[in-house]
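If you want the building blocks of each chain, they are given just below.
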Amino acid sequence: MKRTLLFTLAVLITLSWGSNIVLSADYPNKPVTYIIGWRTGGGSDLVGRVLCGEAEKFLGQRIIIVNKPGGSGAKAYMEISQAKPDGYTIGNCTGTISTHKFMGNIPVGSQNFSPVITFNKDPGGFWVKKDAPWKTLDDLVADAKKNPGKITVAASNPGSITRFGLLLLEEAAGIKFRIASQSGGESKGPKLVAGGHVDACQAAPVTGRSLYKAGLIRPLGFMSEERVPAYPEIPTYKEQGYNVVIGNYRQVLAPKDTPEEIINKLYSAFKKAANSEKYKNFMIGSGSVPLDWGPEKSKSYLMEQDKIFMKMIKERGLYKEKK
Amino acid sequence: MEHILPALKDVFELKMLFYIFGGTALGIAVGAMPGLSATMGLAVVLPLTFYMSPAEGIIILLGMYVGALYGGSFSAILLNIPGAPPAVMTALDGYPMSKRGEAGRAIGISTLSSFIGGLFGVICLIVIAPILAKFALKFGPPEYTLLAVFGLSAIVAVASKSLIRGFVGVTIGLLIATVGLDPFTSVPRFTFGRVELMSGISYVPIVIGMFGLTEVMNQTMEINIAGKISQKIKKIIPGKADIMLVMKKFLPSSIIGMLIGVLPGAGGTIASIISYNQAVQTSKTPEKFGTGIPEGVIAAESANNAEVGGSLVPLFTLGIPGSSPAAILLGALMIHNLTPGPMLFVEQATLMNTMFIALIVSQFALMIVGLLMAKAAPYIISIRKVVMLPIIALLCVIGSYALKNSYLDIVIMMIFGVVGFILQEFGIKPAPIILGLILGPLAENNLRSTLEISEHGLFLFITRPICIVLLVLILAVILFPFWQSKRMERKRKRSIKT
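Residue numbers (my numbering), protein chains in the order written: chain A, 1 to 323; chain B, 1001 to 1498.
Keep in mind that the hints were calculated from the coordinates and are not lab data.
Small disclaimer: the values here were computed from a predicted structure and weren't measured.
Glycine is no exception: its CB is placed at the ideal position from the N, C-alpha and C atoms.
One thing to keep in mind: the hints can contain errors.
As the list claims (entries may be wrong) - Each computed SDA-like pair below joins lysine to any residue, with the alpha-carbon atoms no more than 25 Å apart:
#1 A/K272 with B/M1052
#2 A/K314 with B/M1052
#3 A/K145 with A/V244
Claimed, not checked - Rough simulated footprint, nothing fancy, chain A against chain B, three-plus residues with beta-carbon under 8 Å:
#4 1309-1321
#5 1325-1332
#6 1399-1406
What the hints assert, rightly or not - Covered by chain B, according to a simulated footprint, are these stretches of chain A (three or more residues, beta-carbon under 8 Å):
#7 34-42
#8 63-73
#9 152-158
#10 173-180
#11 197-211
#12 281-288
From just these sequences and the hints, can you work out the full model?
This is the structure in C-alpha cells:
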C-alpha cells in the first residue's frame, strides 16, 4: 500500500515537473508576483493596486505587488522579460514599452512579451487657464500663428509620450510653441498653468482632473478617438479638425512564450477585475478611461504603437536601437 | 457646527479610536524602520481600506501618515540611522544626545516637538487652507530654484567648523545627484549603461550607508574600549525645563515646516533642513548645534511634523497632493468616489470634519505611543554592542533593499558606508553631502525650467515678489555669519581695551 502510494506520488511529481500541460492545468497554485516599474504611490502603482486587489478574487490566488522603479519602467521590463514564462511573474507596462528599445535604453521591447489585457488608456490633452483667451483649438492655433514661439507650454522631457503629443499638434497645425520641459512626468504642468507660470500644458485628462474640478484650468481638447467618459463636454482634436490621436496606455504583460492556457486564465480574472464596479468607478471618477481588451487585441495594438513611435523617434533623430 | 457634532460622534467611537491609534502606531513602526517610508506604508495598507467606509479608511491612512513622519526620529536618535529621510536632521543632534546617555530625553523632546508641530500644521490646515493654497500656486520654477538655493545655504549651519569642507561635501552630493537620464534631453549621464541608474541614485541608501553603516564601523573600532553608556532616565514625561524650551522654540520651525509642506514637490526633508538652518542662524550659540543639543531636535522634528498638515492643504483645496503620501490619500479618496477639491468641503462637510478631528486625535496618539517608547529606548540601546552592531548592519541592508527591491541599492549603501567612514577622517561630514543630493535635482530642474520659460534669462528672478524675498533671505544667511564674527571681534577688542 505504502509503496503504491509512493510510486503514484513519484509519477505525479515527474509528470508535473516535465510537462507544461499539467502545470497550466492547475495554474495558479501559488501566489502571482506583479511587478510595477514605478515607485509606490505613483500613477501606475495606484491603478495596479486597485486592479490587482480585484483580480486576485477571481484568480483564486494572491497577487503580490513588487515595485521595481527605474527608468520609466525600463528596469521592470527587463525583469519581466527574463522571468520564467510560467504565469507566476507578470507586470504592467505603459507606452514606454514602445519607446525604450528604439531609443537604445534597453534591448527588450514589445516582442519580448505576451500581453494579457489592456486595462486603461489616457489620451493626451491641451490645458489652459480658466480665463485664457482661447476657447477652441482653432483660437489657439490662430494666435500661435500670429505669435510664433510666444505661447509657453509645459510638457514632459523629450522622448516622452506627452512630449510627442504636443509635437504632433505643432506639426498638424504648422505652429511653434515655447516648450518648457518638466522632469518627472506631466503632473507638474496643470499646477504651473493654474498658477499662471506658463500659458498652457500638455497632459492627460486624468492629470488635470482635480484642478479642472477646482475651476482653475480647462482643456481645449483631448487626443482620443472618442470623447473621454469623465469629460462628455470636451471635444476631441479630431472633432476640431486636427487628425492627431495619441495617448498613454497600460497593459498587463507576461514574458514571451507563456502558455496560452495560462494567459487565458489570467485574462479571465483581469477582465472581471477591469469590469468590476470598484475599478470602473475609480478610473472614471479620476478622469481616466478603463478598458478590457484581450490578449489578441492588446498584441496588435502594441505592434501598431511600435510603428507609430518608431516613426516619430526616427524623424527626430532619437533612434538608437541596439541590434 | 451642524457638521461638527456628527463628525465628533463619528470619531469618538471605540472602533474609530482603535483605527486612529492603530494607524498611528503602525505608522510609527513603519517610519522607525530604515528604508520603509510613509509612502510605502500607505500604499501597502491602501487595498485593505477599499472595503471600509470612506471615513474609516481615510482615518487609518491619516494616522499612519502622521505616525510615519515621526517614527523616523527613533532610529535616528537611537541608532544614527534616519528611519525616514526627514529624520536626517534629527540625527545630527539626537544621536549625540543618546550617546551621552540622554536617549530618553531626546525621544521625549522629539515626541513633544512632533506633537506640537503636528498640531500646529493641522490647525493651519483647518483655519487658513484657502489662503495657503493660493500661496502654493504662486510657486513656479523660479521660486523653487531659489528655495533650493536657500536650502543649500544651510551648509553654513551643518558644516560646523570648516566651511570649505562643507562645500566639498555639498559638491560631492550635487555630483551624485547628476547621475541618471538628463531631465531635459533624456541623455544618460554617468549611468554606465545600467538600467537601474537611468532614474538616478536615490538618496535613501546613501543616507543609510553614510549614517548607519559608518556608525557601525566607528563603533566596531572601539568595541573593546567602551563600556556601556549608562542611560539616565527618570520619568517618561519631559521635565519642565524641556517643555518650556520646546514651547519657546517650536513656532518658527513649525511655520517653516507647514509652509514647505504646502508646496507640492518640496517635502519633509527640505522642511527640516531649512528649519534647522533657521534655528542655527538665529541661535546665540550656533557652534553648539551638532553636538547634541535639544534645540536641534526641536527644529527638525517640529518642522517635519508640521509638514503633514501643510501637505494636506493643496490636496483638500485643489486636489493636488503636496507630498507622495498625500498622493496615496488622493487615490484613497478617489476609490470612494470622492474627488478632493473645493467641492468636497461643501458636499462632504461631515467627512471633512471627521478627517480634521481624526488628524488632531492622531497627534495625541503619537504623543502617547512616543512617550511609552521613550521609556523603552534606553533598554534598546543598552544591548551589548557585539549583539547590537550586527543587527544594525542587517537593518542597513534590509532598509536599502526595501526602497526599490534593488540589489544595486545594497551595494550603493555599502560603498557609501565606507566612503562616509573615510571622509570623516578628513573632517567631511555626511550631512552636507545629503544636502547636495536632495536639493541638487530640485535646483537643477527648476533652474533649467525657469530659463526655458523666461524670455529674459535670469532677470526673471528679480521681477517676482516671492523670489525677491527668497533672494534677501539667501543673502542674509550667507552674510550673517561674517557680520557676526566681525561683531564678536569688535567686542573682544573692546573687552581687551577695558
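Evaluated hints:
Between A/K272 and B/M1052, the direct Cα distance comes to roughly 21 Å. Compliance with the 25 Å bound is thereby established for this hinted pair. For the hint pairing A/K314 with B/M1052, the CA-to-CA distance comes to about 50 Å; that exceeds 25 Å, so the pair is violated. Between the alpha carbons of A/K145 and A/V244 the distance comes to roughly 19 Å, so the proposed pair stays at or under 25 Å and holds. As drawn, the segment 1309-1321 of chain B meets chain A at 4 residues by the rule of a beta-carbon pair under 8 Å; at three or more, the given contact holds.
Counting residues of the segment 1325-1332 of chain B whose beta carbon lies closer than 8 Å to any beta carbon of chain A gives 5, which reaches the threshold of three, so the coverage claim holds. Beta-carbon proximity to chain A at under 8 Å applies to 3 residues in the segment 1399-1406 of chain B; the threshold of 3 is reached and the given coverage holds. Under the rule that three or more residues need a Cβ within less than 8 Å of chain B, the assignment of the segment 34-42 of chain A holds, with 4 such residues. Note: the segment 63-73 of chain A has 7 residues with beta-carbon separation from chain B under 8 Å; the three-residue rule is met and the coverage holds.
Counting residues of the segment 152-158 of chain A whose beta carbon lies closer than 8 Å to any beta carbon of chain B gives 3, which reaches the threshold of three, so the coverage claim holds. For the segment 173-180 of chain A, the assignment as covered by chain B holds, since 3 residues bring a beta-carbon within under 8 Å of that chain's beta-carbons and 3 suffice. Coverage of the segment 197-211 of chain A by chain B holds [criterion: at least 3 residues with CB-CB distance below 8 Å; count 5]. Beta-carbon proximity to chain B at under 8 Å applies to 4 residues in the segment 281-288 of chain A; the threshold of 3 is reached and the given coverage holds.
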